[in-house]
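Novice: Protein chains in written order, with UniProt numbering: chain D, 1 to 454; chain F, 1 to 454.
It is possible that part of the hints are untrue.
[To be verified] Capping the alpha-carbon separation at 16 Å, the derived lysine to aspartate or glutamate pairs in EDC-like fashion look like this:
1) F:K301 <-> F:E438
2) D:K5 <-> F:D11
3) F:K5 <-> D:E437
4) D:K5 <-> F:D249
5) F:K5 <-> F:E88
6) D:K284 <-> D:D10
7) F:K5 <-> F:D256
8) F:K5 <-> D:D11
9) D:K301 <-> D:D436
[Claimed, not checked] Just so you have them, the derived chain D footprint on chain F, three or more residues with Cβ under 8 Å:
10) 74–88
11) 362–375
Everything labelled a hint here was simulated from the structure, so no lab data went into it.
Where a beta carbon is used, it is the ideal one built from N, C-alpha and C, also for glycine.
Number of protein chains: 2
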Amino acid sequence: MDTIKYQLRDDQIPTSWYNIAADLPRVDPPLHPGTGQPATVDDLTGIMPKQLAEQELTLERDIEIPATVRQIYAQWRPSPLFRARRLEQALGTPARIYYKYEGGSPAGSHKPNTGIAQGFYNKEAGIRRLATETGAGQWGSSLALAGAFFGLEVKVFMVKVSYHQKPYRRALMHTYGATCVPSPSTETAAGRAILAEDPDCPGALGIATSEAIEVAMNDPFTNYAGGSVLNHVALHQTVIGQEALLQMDMADDYPDIVIGCAGGGSNLAGLTFPFLGEQLRGGKQVRVIASEPEACPTLTKGQVAYDFGDTAQLTPLLKMHTLGHSFVPPSIHAGGLRYHGIAPLVSQALQDGLMEARAVPQTACFEAGLTFARSEGIVPAPESTHAIRAAIDEALRCREEGRSEAILFGLSGHGHFDLGSYEKYMADELADEGYDEELVARSLARIPAPFGQV
Amino acid sequence: MDTIKYQLRDDQIPTSWYNIAADLPRVDPPLHPGTGQPATVDDLTGIMPKQLAEQELTLERDIEIPATVRQIYAQWRPSPLFRARRLEQALGTPARIYYKYEGGSPAGSHKPNTGIAQGFYNKEAGIRRLATETGAGQWGSSLALAGAFFGLEVKVFMVKVSYHQKPYRRALMHTYGATCVPSPSTETAAGRAILAEDPDCPGALGIATSEAIEVAMNDPFTNYAGGSVLNHVALHQTVIGQEALLQMDMADDYPDIVIGCAGGGSNLAGLTFPFLGEQLRGGKQVRVIASEPEACPTLTKGQVAYDFGDTAQLTPLLKMHTLGHSFVPPSIHAGGLRYHGIAPLVSQALQDGLMEARAVPQTACFEAGLTFARSEGIVPAPESTHAIRAAIDEALRCREEGRSEAILFGLSGHGHFDLGSYEKYMADELADEGYDEELVARSLARIPAPFGQV
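Just chain D, same shape as in the assembly (with noise of 0.2 Å):
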């Protein structure tokens, strides 16, 4: 019954976040998609402060922290992390289950903690408006509390089933003092063009980023903001796992498994990066799972290719897995993990075997969430349950082998937002939708041809 719990201090906040990209063997930089060549810094400040693009194309391992950044991390960090001794029970199984939550943060996930390093350095760069893509929300609602805490008005483009499916998602952007439009929208060409096609699209990220990205090149005041897949976002997350170490460190303990749900890629990394990175400099191995959905299966059905970010092929191409750039995926409740990519660093990793991969099915990650709920306390976010279901299976596995690894695994967000989701599940009127076959074969089909050098 009793609860573990591993604070840290608030001087233990990390003072740098890790670049990981100065550690893999290998990292294919974005390119512009109309030379060919490696994007520059200069390529990418149409649309996102110089620092911001730097961090993209950085090599260098640490990158500081700016402390009024550090400061409003405070606020929620760090975070707890958690030995799940009432999962464990409840599953009979001899494995240690530790899990990192990033639900405290105001927003309720781990999104601000690129959301506020975003805000800071567009204010500081005089920017006055950004404009965004979001599926479940979450980053959305995030760049809104940022939007709200450095004076930026905050535009979002919400991929319109979720904006349907997490009402308060919506109304939580708005009490921040953001707008939010649900996407494919009329406000822009790319939208108009997917409506054109089908009006009754239901949306994608990749959809919603063209219109966000459209936005901000039209406007010399406003920006595009990413919140998941580009390298300075996932940079801004390993904020978690540095402070996972120092944990683990805590507990005299280290994560046999380490486990992240995987959508555009940056909750993940954020996690398993500093571990992978105390691995690639000769630490300790573990081996890294990135739990997706069965109905947007990027890392296990998509291919490795020089890709657009978007759907309207507004970002620089990308070297990633993908399902193709126009691949629309089902309505699945995780609305934050319906993306077509993954974040080109996430992507090497695996590539590079230091990560592995698995799709599970909608149902089942509910149903996880549910036992985790009922036994932690803490309700998951739907894009969460994902990591839950791995975490879980995994346990059960070693209860088979009778085996007593230590998992841990990101609990990226809370579900306060999301009870409408867990009400159907309870009501039996969620179904798995898997992938269609034909529509990735199609999607695959429209990544562009590669240039000479990929």
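Since chain D is already given, all that's left is putting chain F on it; use the hints.
Specialist: Frame of chain D; chain F shown alone:
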């Protein structure tokens, strides 16, 4: 822009609850409604375990917290205390504003502080099921959490208007495995009697309490669990104020004013009683302000009398400020504050001049909540906005008077379940519902005639 957080260590979680009854000059006992004699432990054990009945009546000052309860507290305690620097800046006030944040618990409010304790004692006593009332659902979901932790069934009668206003709170109870029905229901004689008189009755905490007590009285393995009002509930919440005392010490400051929202009174008691205890034992003086809704003005318009805690007259008679046990308040969104009475200990403190009370209108509270959310980042529960309204008003007075006073308020819960209410406020769809003077007069007239000893 900087965050100032005062975070205690886990070993600073209080080891005992503080019972203000030991220090108040006068405490009137609950009365057996049949005999008019002070209720005994035996009178109470029909619906609660002996240890809680003893806590209800004791005049001992310090009640040891069981180790199991303290260990579970450690999941979210000690809770942080913040200096609201960004709010101070937004208001341009010289006041120093502090808030104690209880929204980090798994249920998102202060209510698990007593839910866990009550679950523990009932489990120890061999009880299988708990029945309770809930307004907005903060209490029902917290008891549901305790039920999940201790393996107890939980049956919640949720005030009908809130049942429909707060679908996510209801879903949270389901997620934890509890059953939840709208009150008045057809499941109890008390509910049926109300429905016969008024089929459209929106419900009230006093009605839902009757239903829960009736269920508990009819089954030896079911107990009643109260979410507020009762002495032992206020007692359990004093972990809040005890921690805040240590944290104000860390801040090298002491509040001139301590503010809590007031419904049943347990949150208010939890924060303020330890400060009043200091004062009563010769320590520093504080102004304590209870902030209640204008639509349910128990402390500002009620009478002090022995009255029932519930509509169907099943509870002992409690000496308290009351609008009459038959009062049905308007359907405001701060459902947790819609109660006709108040904790007798809070009432006594008010009678003794240890506390002042004010009533605030709904829209002014949401306005304060929005100001707070946009400056401090945390979206407050509608109940908590009543404390924020009073804190902001005091801070503005400080600005006018050029005084730098220290103001501490209780932020009892987050508003992530209440974003539908915020949307309505922002869309200008919320009105201020005052109280109906005639209804109050009629209800006051139904307070039972006093026994000789009153």
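Novice: Need the list of violated hint numbers for this structure, in ascending order.
Specialist: 3, 4, 6 and 7
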